[in-house]
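There are 2 protein chains.
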Amino acid sequence: MSIKIGILGYGNLSRGVEAAITQNPDCELVAVFTRRDPSAVSIKTAGVSVYSEKDLPNFKDQIDVLILGGGSATDLPEQTPKYASMFNVVDSFDTHARIPEHYANVDKAAKDGGKIGIISVGWDPGMFSLLRMISTAVLPEGENYTFWGRGVSQGHSDAIRRIKGVKDARQYTVPVEASVAKVRNGENPSLSTREKHTRECFVVAEEGADQAAIEKEIKEMPNYFSDYDTTVTFISEEDLKADHAGLPHGGFVLRSGVTGHEKENKHIIEYNLKLDSNPEFTGSVLLAYARAAYRLHNEGATGCKTIFDIAPAYLSALSGEELRKTML
Amino acid sequence: MSIKIGILGYGNLSRGVEAAITQNPDCELVAVFTRRDPSAVSIKTAGVSVYSEKDLPNFKDQIDVLILGGGSATDLPEQTPKYASMFNVVDSFDTHARIPEHYANVDKAAKDGGKIGIISVGWDPGMFSLLRMISTAVLPEGENYTFWGRGVSQGHSDAIRRIKGVKDARQYTVPVEASVAKVRNGENPSLSTREKHTRECFVVAEEGADQAAIEKEIKEMPNYFSDYDTTVTFISEEDLKADHAGLPHGGFVLRSGVTGHEKENKHIIEYNLKLDSNPEFTGSVLLAYARAAYRLHNEGATGCKTIFDIAPAYLSALSGEELRKTML
Chain Z
1 MSIKIGILGY
11 GNLSRGVEAA
21 ITQNPDCELV
31 AVFTRRDPSA
41 VSIKTAGVSV
51 YSEKDLPNFK
61 DQIDVLILGG
71 GSATDLPEQT
81 PKYASMFNVV
91 DSFDTHARIP
101 EHYANVDKAA
111 KDGGKIGIIS
121 VGWDPGMFSL
131 LRMISTAVLP
141 EGENYTFWGR
151 GVSQGHSDAI
161 RRIKGVKDAR
171 QYTVPVEASV
181 AKVRNGENPS
191 LSTREKHTRE
201 CFVVAEEGAD
211 QAAIEKEIKE
221 MPNYFSDYDT
231 TVTFISEEDL
241 KADHAGLPHG
251 GFVLRSGVTG
261 HEKENKHIIE
271 YNLKLDSNPE
281 FTGSVLLAYA
291 RAAYRLHNEG
301 ATGCKTIFDI
311 APAYLSALSG
321 EELRKTML
Chain D
1001 MSIKIGILGY
1011 GNLSRGVEAA
1021 ITQNPDCELV
1031 AVFTRRDPSA
1041 VSIKTAGVSV
1051 YSEKDLPNFK
1061 DQIDVLILGG
1071 GSATDLPEQT
1081 PKYASMFNVV
1091 DSFDTHARIP
1101 EHYANVDKAA
1111 KDGGKIGIIS
1121 VGWDPGMFSL
1131 LRMISTAVLP
1141 EGENYTFWGR
1151 GVSQGHSDAI
1161 RRIKGVKDAR
1171 QYTVPVEASV
1181 AKVRNGENPS
1191 LSTREKHTRE
1201 CFVVAEEGAD
1211 QAAIEKEIKE
1221 MPNYFSDYDT
1231 TVTFISEEDL
1241 KADHAGLPHG
1251 GFVLRSGVTG
1261 HEKENKHIIE
1271 YNLKLDSNPE
1281 FTGSVLLAYA
1291 RAAYRLHNEG
1301 ATGCKTIFDI
1311 APAYLSALSG
1321 EELRKTML
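Here the protein sequences line up with chains Z and D, keeping their order.
The opening position of the first sequence corresponds to residue 1 in our numbering, with each subsequent residue numbered one higher.
The opening position of the second sequence corresponds to residue 1001 in our numbering, with each subsequent residue numbered one higher.
Keep in mind that the hints were calculated from the coordinates and are not lab data.
Glycine included, each C-beta is placed from N, C-alpha and C at the ideal position.
Careful: at least some of the hints might be erroneous.
What the hints assert, rightly or not - Simulated pairs of lysine to aspartate or glutamate, DMTMM-like, Cα-Cα distance not exceeding 20 Å: (1) Z:K325 to D:E1101; (2) D:K1182 to Z:D276; (3) Z:K182 to D:E1028; (4) D:K1108 to Z:E321; (5) Z:K325 to D:D1124; (6) D:K1263 to Z:D124; (7) D:K1111 to Z:E321; (8) D:K1325 to Z:E101; (9) Z:K44 to D:E1264; (10) Z:K111 to D:E1321; (11) Z:K108 to D:E1321; (12) Z:K263 to D:D1276; (13) Z:K325 to D:D1107; (14) D:K1108 to D:E1143; (15) Z:K325 to D:E1299; (16) Z:K263 to D:E1028; (17) Z:K54 to Z:E78; (18) Z:K108 to D:E1322; (19) Z:K263 to D:D1026; (20) Z:K241 to D:E1264; (21) D:K1111 to D:E1299; (22) Z:K44 to D:E1262; (23) D:K1044 to Z:E262; (24) D:K1263 to Z:D276; (25) Z:K325 to D:D1026; (26) Z:K216 to Z:E206; (27) D:K1044 to Z:E264; (28) D:K1263 to Z:E28; (29) D:K1325 to Z:E321; (30) Z:K196 to Z:E262; (31) D:K1325 to Z:E143; (32) D:K1108 to Z:E322; (33) D:K1325 to Z:D55; (34) D:K1325 to Z:E28; (35) D:K1241 to Z:E264.
As the list claims (entries may be wrong) - Okay, the calculated bits of chain Z under chain D, using three or more residues with CB under 8 Å as the criterion: (36) 96–102; (37) 117–131; (38) 190–202; (39) 272–285; (40) 316–328.
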């Protein structure tokens, strides 16, 4: 008896979820839903159909968990509460400042519908949050550090693409090695934005575009680039496709803490991800939490949950007995 | 209203728990219990008394959680089930092969007494198990690797001390860097015991002892050393005290997995600990799980739990709302 999964949206993240389902025999893809014309969306899984989002309410009895592949800016604030009243849902909502509000909305809807809604699942927020939280509980006196990369920031790449004269672009976020070394060494440095990450931009300019002007506009862009040491490299469209097609990412969370009556002993906890495909890894995390949503719902739980509220055993297809025997 | 903690035993691990309590204002040390003469045991915490283990049953109403600092060979198999019927208990049982049996015994006792027993808490088993389990659930196709060190193995140090002519010894377990590099590089190597760790022994010989014989006996000791590349260095008692007094340890758990319809994308998850004091870190983990035991019991839960069964939020003194706001 497999867990019946529906996916809303069919962007990179949804495709990552679809791929993850093929690696989890206890899960089964039932349907993909789209705002576009369903006939224009072709998915990888044989024998599974694409439907209009409008048809979703008709699938109430056919889907155990609906995974939302949409974006945090406009999709999820609306979709997750809406569907949490009808389905167990999992999303990757990542606008940190708006999490309390999103939590409240999803909690109300899920409780009203007797369903489970798990929000902010992925790696940051997600696995990184989990490690920050547990490490801080274990070592209450210390500092947390989060570094991202080396990896592609889609938000920053999009920001460059919006500049006049830019045909395409890819932006890599890169941790500053010297700062990372200080943290790993237990020095607990205070690090400015500039001291934590650099930004590497690979840009394809339109023919005849003013490259100097583009470079200046990138480097001076507030929020995105002006607080960072940024390098801009103009390359051909062919090179962008050949060398920068993937969506690798990663990063690490460090907790540097002390113990002992004199605080004399230092401890460093590091969690480190190196991901060839950001959306496929994130999709894999979403699917593991979909399994948890299914089980929690079967136990009668309702309401909004985050990664902090879910006992790790719910993520695994193995029984408690098997986990204790093979993983403990 | 603080969580009232009792500690059974007063070895290195119990002292680590005692130190951790000073860093967690919601926890309070109520009493330490010993099999020795209580008047011969002097603890660090002012105003707290040491009692005979025999007095423990009289403290049923004064202790919220009893943390067991004993060893896995003979103490915990007897103590944890015994006291789980009277107290919420947390132990660091680490004999992997006997965990299912220990779990069953503690589960029965805790259920009979309406208490919570959390077993096998620490970093391995413990945090390492948690990371192995979650990483495997997220990346079901891949390999797990665990490396320990560089750090002091107390079991191996004790084994050397039992050799005739040895006055004192300290053994370090050291990961083989070349093997670690292969794993981090996603090569998924098959590694023999010898390829994973080396063992460095610092030995103080009795005056006139046959050092060559001691070295031979160490290097050929089955289970402990014969399967490893082992180095033996004879040093003075003064140097042992000066340079090898601490109990540092650490290590890392890696999951190397693949995703994608063609398994074309690699991912490496690494969790890495560098600990100045193994017992203080382990004691800090035990205390965080004592907080979880207290809360689970207050919610009416009973029986044996492991680190897999406990939602991370139970470990933190912060509320769910605070955690979502600051850590997610």
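### Query
Hint by hint, which ones does the structure fall short of?
The structure breaks hints 3, 6, 14, 15, 25, 29, 30, 33, 34 and 38; every other hint is satisfied.
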